[in-house]
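Visitor: Sequence:
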Amino acid sequence: MTKENKKDNNEKIKDNTTKTTEKNTEDKTKTTTKEPTELEKQTKKVQEYENTLKRLQAEFDNYRKRTEKEKIDSITYANEKIIISLLDILDNFERAMDEMKKTEETEKLKTGVELIFKQLYQLLKTQGVQKIEAIEQQFDPKKHEALMQIVSDKHKEDTVIQVMQKGYMIKEKVIRPTKVAVSKKSDNDKKGD
116 MTKENKKDNN EKIKDNTTKT TEKNTEDKTK TTTKEPTELE KQTKKVQEYE NTLKRLQAEF
176 DNYRKRTEKE KIDSITYANE KIIISLLDIL DNFERAMDEM KKTEETEKLK TGVELIFKQL
236 YQLLKTQGVQ KIEAIEQQFD PKKHEALMQI VSDKHKEDTV IQVMQKGYMI KEKVIRPTKV
296 AVSKKSDNDK KGD
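Just so you know, we're using my numbering here: the sequence shown kicks off at 116 and counts up by one.
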């Protein structure tokens, strides 16, 4: 081999080495740029899973709170039907006591009935039952049921002036509205306004 040939061969080898090195560098660069892309994909998936998990946790917490409230309401109002039936008995006791007050012959019976009435009323009270106050109150359609209107100049319009049947609540829930008569202004008074 001549010196020139050797020189040419050496240059070719250098060129090939340089090209190979450049190619390897490009491949490494391509590989390096692919890895972050894959990493980004995985990171994005992890974030999606975390968001889904957070949503599911929030939904479960809301479900738990809702079922807890329903459970409490169920326990609180479980006796509603029986209490409504007891209210009719309570009404009958009151009527009987009103009638007994008219005669004095039945004093012992009257005392016994009053005692039973008090016991029944206390039992209902321990169950959270309370009477709805109505007389001289402003008519409230959530608590009162108006059966009639009575002309009255002594009261503001829509004031409860007579109770036909007492109403009751369990805690904050009306289980039987008070049946009432409400005041209204006379037609002459309305024309004057």
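Hints listed in this document are in silico derivations from the structure and should not be mistaken for laboratory results.
We put the beta carbon where it would ideally sit given N, CA and C, even for glycine.
There could be a bad hint or two in this list.
Cβ pair distances, simulated, as ranges [said to hold, decoys possible]:
| hint | residue 1 | residue 2 | range |
| --- | --- | --- | --- |
| 1 | K271 | G227 | 25 to 35 Å |
| 2 | K288 | Y164 | 39 to 49 Å |
| 3 | D203 | E165 | 31 to 41 Å |
| 4 | D203 | E248 | 13 to 23 Å |
| 5 | D206 | K257 | 50 to 60 Å |
| 6 | T191 | E248 | 50 to 60 Å |
| 7 | Q280 | L238 | 11 to 21 Å |
| 8 | K257 | S200 | 38 to 48 Å |
| 9 | Q264 | K288 | 20 to 30 Å |
| 10 | K186 | D206 | 28 to 38 Å |
| 11 | K257 | K186 | 23 to 33 Å |
| 12 | L238 | E214 | 16 to 26 Å |
Visitor: State for each hint whether it applies.
Guide: Do the hints match the structure? See the list:
Remark: the range hint 25 to 35 Å for K271 to G227 is contradicted by a beta-carbon distance near 42 Å. Between K288 and Y164 the CB atoms are about 44 Å apart, so this pair conforms to the stated range of 39 to 49 Å. As the Cβ distance of D203 to E165 is approximately 59 Å, the hint placing it in 31 to 41 Å is violated. For D203 and E248, the Cβ-Cβ distance of about 20 Å falls inside the hinted range of 13 to 23 Å, so the restraint holds.
At about 21 Å, the CB distance of D206 to K257 disagrees with the hint of 50 to 60 Å. A hinted range of 50 to 60 Å is violated for the C-beta pair T191 and E248, which are about 22 Å apart. For the hinted restraint 11 to 21 Å between Q280 and L238, the CB-CB distance of approximately 20 Å keeps it satisfied. Against the hinted window of 38 to 48 Å, the Cβ-Cβ separation of K257 and S200 comes to about 23 Å, which falls outside the hint.
Between Q264 and K288 the beta carbons are some 27 Å apart, a value that agrees with the proposed interval 20 to 30 Å. The hinted range of 28 to 38 Å is satisfied by K186 and D206, whose Cβ atoms lie roughly 32 Å apart. For the hinted restraint 23 to 33 Å between K257 and K186, the CB-CB distance of approximately 25 Å keeps it satisfied. Range check, L238 to E214: about 23 Å between beta-carbon atoms, so the 16 to 26 Å window is met.
Going through the hint list in order, the structure does not satisfy hints 1, 3, 5, 6, 8.
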